[in-house]
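**Q** With the hints as constraints, model all of the structure from the sequences given.
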Amino acid sequence: MRQNTKEKVLLGISGGVDSSVAAILLQDQGYEVIGVTMKLWRDEDFSNGMASDTIEQAKAVCDKLGIDHVVCDLGEDFKRFVVDDFISCYANCITPNPCIECNRHLKFGKMIELADSLGAKYVATGHYARCCYDEARKRYVIKRSFAGKKDQSYVLYVVDGNILDRILFPLGEFQSKDDIRQVALDRGLITAKKRDSQEICFIPNNDTRGFIDKYIPAKQGNVVHKNGKVLGKHNGICHYTIGQRKGMGISYPEPIFVTRLDKESNTVYVGCNEDLFSSELTAKRVNWLALDALDEPIRLTARVRYSAPDVPCTVYPMGDRIKVILDEPQRAITSGQSVVFYDGDVLMGGGIIE
21 MRQNTKEKVL
31 LGISGGVDSS
41 VAAILLQDQG
51 YEVIGVTMKL
61 WRDEDFSNGM
71 ASDTIEQAKA
81 VCDKLGIDHV
91 VCDLGEDFKR
101 FVVDDFISCY
111 ANCITPNPCI
121 ECNRHLKFGK
131 MIELADSLGA
141 KYVATGHYAR
151 CCYDEARKRY
161 VIKRSFAGKK
171 DQSYVLYVVD
181 GNILDRILFP
191 LGEFQSKDDI
201 RQVALDRGLI
211 TAKKRDSQEI
221 CFIPNNDTRG
231 FIDKYIPAKQ
241 GNVVHKNGKV
251 LGKHNGICHY
261 TIGQRKGMGI
271 SYPEPIFVTR
281 LDKESNTVYV
291 GCNEDLFSSE
301 LTAKRVNWLA
311 LDALDEPIRL
321 TARVRYSAPD
331 VPCTVYPMGD
341 RIKVILDEPQ
351 RAITSGQSVV
361 FYDGDVLMGG
371 GIIE
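Mind the numbering: the sequence shown is residues 21 to 374 in my numbering, read in order.
There may be inaccurate statements among the hints.
[Unchecked claim] Keeping only pairs whose Cα atoms sit at most 16 Å apart, straight-line, the calculated EDC-like set for lysine to aspartate or glutamate is: (1) Lys-158 with Asp-312; (2) Lys-28 with Asp-88; (3) Lys-170 with Glu-133; (4) Lys-170 with Asp-365; (5) Lys-59 with Asp-97; (6) Lys-214 with Asp-73; (7) Lys-246 with Glu-294; (8) Lys-213 with Asp-199; (9) Lys-343 with Glu-374.
Just so you know, the hints here were simulated from the structure itself, not pulled from any lab data.
In this text, all values refer to a predicted model and were calculated from it rather than measured experimentally.
**A** Right, dumping it as structure tokens:
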């Protein structure tokens with residue numbers, strides 16, 4: 021990790037164990053750490069009780085470590101860039117990834133602005149990734165962490181490449197979450213045994229359907245098999261995503277999956293699992309980190325969703341978009357999700373699947 025004991029670093033601290041240990045590591049390396057908690061919503065907006073709890077827990081950690089704590093109210097930006105985008109995507113039969121939009125606009129957008137205002141050279145987070153200088157590429161790059169499946173580089177492709185020299189990921193060298201928790205236990209932090217959150221932060225009880233129903237009027241339509249037969253009705257096309265099997269409410273002799281959504285006709289199309297595989301896609305809003313621009317086809321590996329495996333591919337430039345040909349067909353390539361590219365451990369960039 022880059023180390024300068026005279027420099028100030030702004031650390032995003034959420035009240036969880038990862039950001040708490042990131043604070044310890046930075047402090048131990050001699051940085052002047054300021055913990056900042058982004059207040060992204062009001063309890064009365066989403067009534068999950070998390071806003072005040074997060075702030076209190078983050079402050080308790082900062083107090084324990086003797087570092088300053090700042091609360092930054094980004095509620096309006098969060099609603100505009102993350103929540104409203106989430107609702108708009110579902111209204112248009114697109115499956116969004118709100119964490120990526122939060123990283124794009126807030127954690128590595130507004131946080132840099134706040135760092136500048138506080139005189140901090142660096143911004144740090146508790147992501148499992150590495151950020152370092154690549155001699156071969158003559159630039160700072162993001163690399164996968166050593167934590168295997170915990171690696172979070174996939175959601176970081178949206179970071180502005182021009183600020184990578186100001187980004188620190190203190191947890192990048194750790195190999196397991198158990199090691200992280202042990203550090204917290206050794207230092208007596210209240211977050212040491214706090215369980216990981218697997219939910220979308222602004223959706224109470226992970227009830228995505230209930231949340232969507234508050235904002236998108238349900239309209240009944242047909243569920244149609246690929247052979248053209250109408251199998252039944254659905255109660256809102258926004259409740260479905262490509263590859264979905266559960267919650268269909270339709271009896272059929274063999275397993276059926278959502279293969280296509282047609283907003284204009286309000287139709288959910290279904291078929292068998294084999295119908296979900298494709299080896300080609302296009303993407304927009306492309307952000308390259310490890311190269312300036314894509315001027316000619318390039319061989320890389322791609323992941324078409326967070327939990328998907330790496331697949332060799334060829335990426336072709338198409339103006340402000342790209343075309344991707346995968347060596348092996350992938351299941352349920354979904355509009356709104358991200359395709360993210362790697363060269364070995366180096367995060368090259370990515371874009372939003374069309």
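**Q** Keeping to a limit of 16 Å between CA atoms, is the pair of Lys-59 and Asp-97 held or broken?
**A** Given that 16 Å is the threshold and the Cα spacing comes to 10 Å, the pair holds.
**Q** Would you mind confirming whether the straight-line C-alpha gap from Lys-170 to Asp-365 stays at or under 16 Å?
**A** 14 Å, holds
**Q** Measure nothing beyond the straight line between the CA atoms of Lys-170 and Glu-133; if it is 16 Å or shorter, mark the hint as holding.
**A** With a Cα-Cα distance of about 28 Å, the restraint between Lys-170 and Glu-133 is violated, given a limit of 16 Å.
**Q** If you draw a straight line from the CA of Lys-214 to the CA of Asp-73, is it 16 Å or shorter?
**A** Cα-Cα ~13 Å, so holds.
**Q** Please verify whether Lys-343 and Glu-374 have alpha carbons no more than 16 Å apart.
**A** 10 Å, holds
**Q** Does the alpha-carbon distance linking Lys-28 and Asp-88 stay inside the 16 Å limit?
**A** 11 Å, holds
**Q** Taken at face value, is the distance from the CA of Asp-199 to the CA of Lys-213 at most 16 Å?
**A** Holds, at about 12 Å.
**Q** Below or equal to 16 Å on CA atoms is what counts here, so check Lys-158 against Asp-312.
**A** Roughly 12 Å separates the two Cα atoms, so the pair holds.
**Q** Is it true that the CA of Lys-246 sits at most 16 Å from the CA of Glu-294?
**A** 12 Å, holds
Taken one by one, the earlier hints fail for this structure only at number 3.
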